[in-house]
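Q: I would like the entire structure built from these sequences, with the hints used as guidance.
Chains as they are written, first to last, in my numbering: chain A, 1 to 429; chain B, 430 to 698.
Hints listed in this document are in silico derivations from the structure and should not be mistaken for laboratory results. Among the clues, some could well be false.
[Claimed, not checked] What follows is a list of derived Cβ distance ranges for each label pair:
| id | chain 1 | residue 1 | chain 2 | residue 2 | range |
| --- | --- | --- | --- | --- | --- |
| 1 | A | Arg134 | B | Arg485 | 27 to 33 Å |
| 2 | A | Glu5 | B | Gly597 | 53 to 59 Å |
| 3 | A | Glu80 | B | Met690 | 36 to 42 Å |
| 4 | A | Glu80 | B | Leu686 | 31 to 37 Å |
| 5 | B | Pro498 | A | Gly268 | 33 to 39 Å |
| 6 | A | Ala335 | B | Glu449 | 51 to 57 Å |
| 7 | B | Val695 | A | Lys177 | 42 to 48 Å |
| 8 | B | Met690 | A | Phe88 | 57 to 63 Å |
| 9 | A | Pro190 | B | Leu614 | 56 to 62 Å |
| 10 | B | Leu450 | A | Pro91 | 50 to 56 Å |
[Unchecked claim] Only pairs whose alpha carbons sit at most 35 Å apart, straight line, appear in this in silico DSBU-like list of lysine-lysine:
| id | chain 1 | residue 1 | chain 2 | residue 2 |
| --- | --- | --- | --- | --- |
| 11 | A | Lys150 | B | Lys460 |
| 12 | A | Lys114 | B | Lys433 |
| 13 | B | Lys460 | A | Lys41 |
| 14 | A | Lys36 | B | Lys673 |
| 15 | A | Lys55 | B | Lys446 |
| 16 | A | Lys24 | A | Lys115 |
| 17 | B | Lys630 | A | Lys3 |
| 18 | A | Lys92 | A | Lys267 |
| 19 | A | Lys177 | A | Lys3 |
| 20 | A | Lys267 | B | Lys673 |
| 21 | A | Lys270 | B | Lys433 |
| 22 | B | Lys460 | A | Lys228 |
| 23 | A | Lys24 | B | Lys630 |
| 24 | B | Lys630 | A | Lys41 |
| 25 | A | Lys270 | B | Lys446 |
| 26 | A | Lys270 | B | Lys673 |
| 27 | B | Lys446 | A | Lys41 |
| 28 | A | Lys3 | B | Lys433 |
| 29 | B | Lys460 | A | Lys36 |
| 30 | A | Lys192 | A | Lys177 |
| 31 | B | Lys460 | B | Lys446 |
| 32 | A | Lys228 | A | Lys36 |
| 33 | A | Lys107 | B | Lys460 |
| 34 | B | Lys446 | A | Lys114 |
| 35 | A | Lys150 | B | Lys671 |
| 36 | B | Lys433 | A | Lys115 |
| 37 | B | Lys671 | A | Lys270 |
Since the model is a prediction, treat every value here as computed from it, not as a measurement. Glycine residues also receive a C-beta, built at the ideal position from the N, C-alpha and C atoms.
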Amino acid sequence: MEKFEAIVVGAGPAGSAAAYALAKAGIRTLLVERGKVPGQKAMFGGRIYAYPLHKLLPGFEKDCPIERYVTRENMSFLAEDTALNLQFDAPKLSSGAAASFTAYRGKFDAWLAKKAEDAGAMLITGIRVDALHREGGRVVGVRTGTDVVKADVVVAADGALAQLARGAGLRGDPEPKEFSVGVKETVELPPKVLDERFNLEETEGAAYVFAGYASNWLRGGGFLYTNKTTLSMGLVVSSEDLAVTRTEIGTLMDRFRRHKAIARLTKGGKVLEWSAHLVPELGLRMMPRPYADGLLVAGDAAGFLLNTGYTFRGVDLAIASGMAAAEAIRGAHAAGRYDASALAAYETLLREYQVTTDLETFRGAPFYMKNPRLFSVYPKLLNEIAERVYTIDGTGQRRLADIALEEVRAGKVSAVKMLLDLIGGAKAM
Amino acid sequence: MAAKGPRSIVCIKQVPKAQELQVDPVTNTLKRVGVPSEINPPDRNALEMALQVKDRAGGEVLVVTMGPPVFTSSLEEALAMGCDRAFLLTDRILGGSDTVPTAHALSETIHKIGGYDLIFCGEETTDASTGHVGPGIAGHIDCAQITYCSELEYLGDRVRGKRTVEDGYEWWECPTPCVVTVNFLSNRPRPPSLTGKIRVKRGGLITTWSCADVGIDPGKVGIRNSPTIVAKVDTVQLPDRKAKVFRGEPREAVARLIEAMVADGVLPG
Numbered sequence: 001m002e003k004f005e006a007i008v009v010g011a012g013p014a015g016s017a018a019a020y021a022l023a024k025a026g027i028r029t030l031l032v033e034r035g036k037v038p039g040q041k042a043m044f045g046g047r048i049y050a051y052p053l054h055k056l057l058p059g060f061e062k063d064c065p066i067e068r069y070v071t072r073e074n075m076s077f078l079a080e081d082t083a084l085n086l087q088f089d090a091p092k093l094s095s096g097a098a099a100s101f102t103a104y105r106g107k108f109d110a111w112l113a114k115k116a117e118d119a120g121a122m123l124i125t126g127i128r129v130d131a132l133h134r135e136g137g138r139v140v141g142v143r144t145g146t147d148v149v150k151a152d153v154v155v156a157a158d159g160a161l162a163q164l165a166r167g168a169g170l171r172g173d174p175e176p177k178e179f180s181v182g183v184k185e186t187v188e189l190p191p192k193v194l195d196e197r198f199n200l201e202e203t204e205g206a207a208y209v210f211a212g213y214a215s216n217w218l219r220g221g222g223f224l225y226t227n228k229t230t231l232s233m234g235l236v237v238s239s240e241d242l243a244v245t246r247t248e249i250g251t252l253m254d255r256f257r258r259h260k261a262i263a264r265l266t267k268g269g270k271v272l273e274w275s276a277h278l279v280p281e282l283g284l285r286m287m288p289r290p291y292a293d294g295l296l297v298a299g300d301a302a303g304f305l306l307n308t309g310y311t312f313r314g315v316d317l318a319i320a321s322g323m324a325a326a327e328a329i330r331g332a333h334a335a336g337r338y339d340a341s342a343l344a345a346y347e348t349l350l351r352e353y354q355v356t357t358d359l360e361t362f363r364g365a366p367f368y369m370k371n372p373r374l375f376s377v378y379p380k381l382l383n384e385i386a387e388r389v390y391t392i393d394g395t396g397q398r399r400l401a402d403i404a405l406e407e408v409r410a411g412k413v414s415a416v417k418m419l420l421d422l423i424g425g426a427k428a429m
Numbered sequence: 430m431a432a433k434g435p436r437s438i439v440c441i442k443q444v445p446k447a448q449e450l451q452v453d454p455v456t457n458t459l460k461r462v463g464v465p466s467e468i469n470p471p472d473r474n475a476l477e478m479a480l481q482v483k484d485r486a487g488g489e490v491l492v493v494t495m496g497p498p499v500f501t502s503s504l505e506e507a508l509a510m511g512c513d514r515a516f517l518l519t520d521r522i523l524g525g526s527d528t529v530p531t532a533h534a535l536s537e538t539i540h541k542i543g544g545y546d547l548i549f550c551g552e553e554t555t556d557a558s559t560g561h562v563g564p565g566i567a568g569h570i571d572c573a574q575i576t577y578c579s580e581l582e583y584l585g586d587r588v589r590g591k592r593t594v595e596d597g598y599e600w601w602e603c604p605t606p607c608v609v610t611v612n613f614l615s616n617r618p619r620p621p622s623l624t625g626k627i628r629v630k631r632g633g634l635i636t637t638w639s640c641a642d643v644g645i646d647p648g649k650v651g652i653r654n655s656p657t658i659v660a661k662v663d664t665v666q667l668p669d670r671k672a673k674v675f676r677g678e679p680r681e682a683v684a685r686l687i688e689a690m691v692a693d694g695v696l697p698g
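A: Right, dumping it as structure tokens:
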């Protein structure tokens, strides 16, 4: 029977980062991916915050499939036919420790998995691990059908559904409230058109977030990222809200795509592909402990995703958690033990790598982001105030504060609720 | 390696993927370069039958293919399914061989491997559909054959096989060694396993031979020594179908569709 020191399940950012770090440390590692190639089964918005790559792979920029460095952040509150934007332009964000870039997961995941393979990890693709293999209550390998491959420790980086972690009893059955559904269209524009329309230099990129009308007032929002020659645009909407309102997310995409603010940006574009993915949305609450005897859980499978409403982090947290997992395993390897107490250092390392610390800082965020008024009442309200403020038609110009108070009273939210929401937002965010 | 059970040799071919067959507009034959390819589907059934014999009776399964180096990917898949070793017979002089030199070349290769009890082939290929090579090998090796076999029992010195014929089945018994060509869809080919893929990754399981390595006479292979050639592949042009599209508001369009179907007698009025 085949045996390795470590088996990493899933060659996404978390798995490949873990496998790379393990292989580099001389640990005999198997990296198993269900797709025919790493990245085939992955997609995201999306943008990658590069800080963990600087640590894991210094000089990564040389051959990493980077689309554009994000130098513009835009937050847009959409009403039916108006949009209120908050935009931050900072060309200096295209370099340095805080740089982030847009990418295609099909290319990025393949690149990172190759790094792991080059470092000495054995990469096997086209195999889906069904379950953990246990002996005496301890995880000692993985099972595919009747085939078992053993290891001292398994890293479950198997994605949002977290099948292996659930099988290990670390999480319960999946429920709609744990997830949002993300859908995306990749729209091709001629390169010059993209640069001119978005007013970007060749390597500069923009990240847009849309709230309100985008998701038909359901919890969630739209996004748009610029790649070299395409736009990644789509929606992330609460699974629970979709189910309760019996909404088809494809219908939401149609409406979103046709909003003037969006249509203007994608005009003349050709849709190259559609994709979709589950997005874990409960943060720390999804899983009490990301390790057990012979097992570590990393990436989406551990719920390491941070949605603050204005920033969205997944890939960087996944990579950082993979690095933390590898370091925890090296410690266990040195001690010659792989039981839960030997792997407990993983929790400390997750803090050192700022994974759980950031999730804790925004512990209230997932709960706060479930406030439906954020996605319906407030975007509408802001647009109505702005419309009145900017309507000068000779009937008498009113003061901003007066307009605002009137609109708040005319709206269906009490001032008290609004105040509480503001305070809640300040605390959570 | 001392094998208690039988040594099976499975002959496979890598063919253009059935769903993605393309005809080259210039040569009017099937495109083979740059199109996705797969193990000839009936060959997977042959591999599965051989592996089932090994499951029950022990022994080993060797897989052989004749073709260009890209055929290695099919050998790797067969190894990952559970075959023990693989042989690639590859040589430019084999190019353009039809079923006569192919059966000869494969028989020589099988002879060089030696020690075989069972030889398995798929009933035919999806890209040529001749079904010649299995019987051709039986002729060269001078042994019995069961073609279109859907079930097989290995009984040591002989086999008992169920053979599909047009209006039913026949049961045949014959002594080993013998050739068995396997019915398409007669079993569920097992997928490659993780353990199998790991073994393949470690390497050392594929032996590559040229015609010289095997001792194949160049005067017996290649396009010049092939009695037949594929002159042309014709694709049937389907006639346009009469179609009508009902557009508009869904409920109203469906009402009109139902009206039309009733008028046509498709639905009862």
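Q: Take a quick look at whether Lys150 (chain A) and Lys671 (chain B) sit within 35 Å of each other, Cα to Cα.
A: 60 Å, violated
Q: Holds or violated: Lys270 (chain A) and Lys446 (chain B), Cα atoms, limit 35 Å.
A: Given that 35 Å is the threshold and the Cα spacing comes to 29 Å, the pair holds.
Q: Is Lys446 (chain B) within 35 Å of Lys114 (chain A), Cα to Cα?
A: Given that 35 Å is the threshold and the Cα spacing comes to 27 Å, the pair holds.
Q: Measure nothing beyond the straight line between the CA atoms of Lys150 (chain A) and Lys460 (chain B); if it is 35 Å or shorter, mark the hint as holding.
A: 43 Å, violated
Q: Is the Cα-Cα distance between Lys192 (chain A) and Lys177 (chain A) 35 Å or less?
A: 42 Å, violated
Q: For the range 57 to 63 Å, tell me whether the beta carbons of Met690 (chain B) and Phe88 (chain A) fit it or not.
A: With Cβ atoms ~58 Å apart, the hint holds.
Q: Does 27 to 33 Å hold as the CB distance between Arg134 (chain A) and Arg485 (chain B), or does it fail?
A: 30 Å, holds
Q: Just to be careful, I want the Cα atoms of Lys24 (chain A) and Lys630 (chain B) compared with a cutoff of 35 Å; is the pair within it?
A: 19 Å, holds
Q: Please work out if Lys460 (chain B) and Lys36 (chain A) have their alpha carbons no farther apart than 35 Å.
A: 24 Å, holds
Q: Straight-line Cα separation of Lys36 (chain A) and Lys673 (chain B) no greater than 35 Å?
A: 40 Å, violated
Q: Is it true that the CA of Lys630 (chain B) sits at most 35 Å from the CA of Lys3 (chain A)?
A: 14 Å, holds
Q: With the threshold set at 35 Å, check whether the alpha-carbon distance from Lys3 (chain A) to Lys433 (chain B) stays at or below it.
A: Since the Cα atoms of Lys3 (chain A) and Lys433 (chain B) sit roughly 27 Å apart, the hinted pair holds (cutoff 35 Å).
In terms of the numbered hints stated before, the structure departs from hints 5, 9, 11, 12, 14, 15, 19, 21, 30, 35 and 36, listed from lowest to highest.
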